[in-house]
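I would like the entire structure built from these sequences, with the hints used as guidance.
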Amino acid sequence: MNHSAPGMKTSVAAPLAQPLPGVRRPATAWIGIVLLAVALAVLPFVLTGIGTAWVRITNLAILYCFLALGLNIVVGFAGLLDLGYIAFYGVGAYTYALLASPHFGLHLPFWIILPIGALIACLFGVLLGAPTLKLRGDYLAIVTLGFGEIVRIFLNNLSRPFNLTNGAQGITLIDPFRIDGFTFGKPHTIGSLVVSTPVNYYYFLLIVLVAVIVLNLRLQNSRVGRAWEAIREDEIAARAMGINTRNMKLLAFAMGASFGGIAGGMFSAMQQFISPESFVLVESIMVLSMVVLGGMGNVFGVIVGALLLSYVPEVLRYTVGPAQMALFGRTLIDPEVIRMLMFGLALVLMMLFRPAGILPSAVRKREFETARRPGNGQGTP
Amino acid sequence: MDTFLQQLVNGVTLGSVYAIVALGYTMVYGIIQLINFAHGEVVMLGAMVAYSVIVALAGAGGALPPLAILAIATLTAIPVCMVVGYLLERVAYRPLRRAPRLAPLITAIGLSIVLQNIALIIWTRNPLPYPQVIATVPYRLTATPDGATITNVQIGIIGLSIVMMAGLLLLVYRTRFGVAMRAVAQNPQVAGLMGIDINRIISATFALGAALAAVAGVMDASYYGVAHYQMGFLLGLKAFSAAVLGGIGNLAGAMLGGLLMGMIEALGAGYVGELTNLCHLSGWSDALAQRCVNDPHLELFGSNYQDVFAFVVLILVLVFRPSGLLGERVSDRA
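Protein chains in written order, with my numbering: chain U, 30 to 410; chain W, 101 to 434.
In case anyone wonders, no lab produced these hints; they're calculated from the structure.
Any given hint could be a false lead.
[Claimed, not checked] For the chain W half of the interface with chain U, some residues (derived, Cβ under 7 Å), not all of them:
no.	residue
1	R201
2	T207
3	G210
4	L211
5	V214
6	N217
7	L269
8	L271
9	F277
10	V279
11	N404
12	L414
Here the structure is a predicted model, which means the values were calculated and not measured.
By construction, the Cβ of each residue, glycine as well, lies at the ideal position given by its N, Cα and C atoms.
The structure is reproduced here in structure tokens:
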């Protein structure tokens, strides 16, 4: 036990026993955390200076962080490729919209709806997980993809014979978050400081994000997290070690889905309008790209991936369009198309050249390296 | 009974297209045990390339007979798709043959996005009205004047599919190439020892599947009269479901699965509205009866749920009989 030997063996020898960042050198870590907190607290006001749009973009980026972290539980931790993840986001968003809008005349407070949304999304997760547990990776991918499409088709068509989702028109005038008369939907002034609507949400999202990150880190190193990792690496061996693989996989689906459900509820409240258009396959693939790009299984990697794929397209939107105008006098290629091409190429190039992601988790990295070494078996399934 | 006959004809037509696409999935799966996720995009490219050729030829004076235009267009689309299929294998599958299973799947998803967006740049995001070079002629199947019909386009699609399937079976079971293909599917290492160039066979399998996909793309677009850069996605998924239904890796299974899937979809879309019409329950509830007076079509599900059937079939097959109707492989290896 060499707790008293700082500086020695800093390389990650045993990933399972890796302590949380900040545990090793408390003083510097705390200073870092405080500086980061201050920077994040000031950030929205800096961004407002550039343009309010950037605060909104940041809020969406944080939402994508939630989604990517949720999907990371399913794909990164448990190794189950889910291509229909956006369905849970949709379920959460519609739960919030139906319970807090004039559509049914219900206006429940958000702290009641968000857990309900998480619960319903969780039920959907189990509903999807239960019949597909036995399937191998690529089959699972296709079935989840189909599930996502089914949910979208239902959202699109459940306006008849009873109007549940209002069909393709979507649901409007959704309530913003309210706490005792304090509404997130309006700007507030504190002294001479104007805190605009997106900034309100920014702080709320930031606090939830921190909680979610801590939860994920704890989860990864917990008994459950280790069980997921064992299942990912070798399901049969995991079962032999006494892990209840069925329950563990279901738990991964359920937890991933509830994260999606909560993110959906927040999306609903922020946008105040939702329609099935927001829950299409492309969104699922985008969240998956974030997880893959950042590094499957690594919480911070996934956040880097989510932030990167949220901001870069926006930067492109503001640069590619004008650049094309300047060069050719017209927009040759829609920035949206460039964004999608970028996603596609990112997925391909990452898998070919850095399959473990930008910030790979130690285990994943090892897995890909042994797989690439010549002479090592033939395509271990 | 006429609705039934009509939906059956539509279903068989649709099923022929699914079967041709499903063959592409099943051949690739049989040989490398991987799902070619971007196969649907190859179908789309086939339809799109043929579209451009048809528009160019039809606009150039129209001296050629319609069948020749269609044939030239299809014969142009086939090599283009074969090249795309070959490149897909080289980029997405070959470098990752040793990697964990999810890796090639993710590259294939990436390439399918890239292909879709390239198509979007070339052929715009609008649905393209597919030129009907062959005038549709309906033939009556029953004696009644407004009975079920079958069009010449439908007959053409079904006939061409049968010819292609027969050709494929001959290729696989009666040629040296077919023997090599089956050998690689059974055991690549031993096939390699017997002097078979495994990589060449795998590339050829992808190209062969892509050639079939090109024809399927032209058939699908001609049948529906529209082509779109996203048309390959749903078509590919349904064809994949068909391949699983028949037993993936099995050629006859893909054909059977395709036909069944087409019929399930057509009959499902034709009858689900009537079957789930709540007005049948009017006797049970006065409130319901009241509503049905004004609105006799109180259907729980309508034909707009057509796309759901394929997925439901897929999930049911995977849960209850993962090896499919004719397959022997098990799909639950970890």
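Worksheet item: With a cut-off of 7 Å, does the beta carbon of N217/W approach a beta carbon of chain U closely enough for the hint to hold?
Response: 5 Å, holds
Practice prompt. Mind checking the CB of L211/W against every CB in chain U and telling me if the closest is under 7 Å?
Written response: 6 Å, holds
Worksheet item: Holds or violated: V214/W as interface residue toward chain U, Cβ cutoff 7 Å?
Response: 4 Å, holds
Discussion item. Holds or violated: the hint that T207/W contacts chain U, with Cβ atoms closer than 7 Å.
Written reply: 4 Å, holds
Worksheet item: Was the hint right that L271/W lines chain U, CB cutoff 7 Å?
Response: 26 Å, violated
Worksheet item: Does the interface hint hold: is G210/W within less than 7 Å of chain U, judged Cβ to Cβ?
Response: 3 Å, holds
Discussion item. Let's test the interface hint: is any C-beta of chain U closer than 7 Å to that of F277/W?
Written reply: 23 Å, violated
Worksheet item: Does the nearest C-beta of chain U fall within a distance shorter than 7 Å of the C-beta of L269/W?
Response: 26 Å, violated
Worksheet item: Given L414/W was flagged as interface, is its beta-carbon under 7 Å from a beta-carbon of chain U?
Response: 6 Å, holds
Item to complete: With a cut-off of 7 Å on the beta carbons, see whether N404/W makes it to chain U.
Response: Cβ of N404/W sits 5 Å from chain U, so the hint holds.
Fill in: Evaluation of the interface hint that places V279/W against chain U, nearest CB under 7 Å
With Cβ-Cβ at 22 Å, over 7 Å, it is violated.
Worksheet entry | Given hint R201/W near chain U, where the shortest CB pair must fall under 7 Å | At 5 Å from the nearest chain U Cβ, R201/W passes the 7 Å test, so the hint holds.
In summary, the structure is inconsistent with hints 7, 8, 9 and 10 from the numbered list given earlier, while agreeing with the others.
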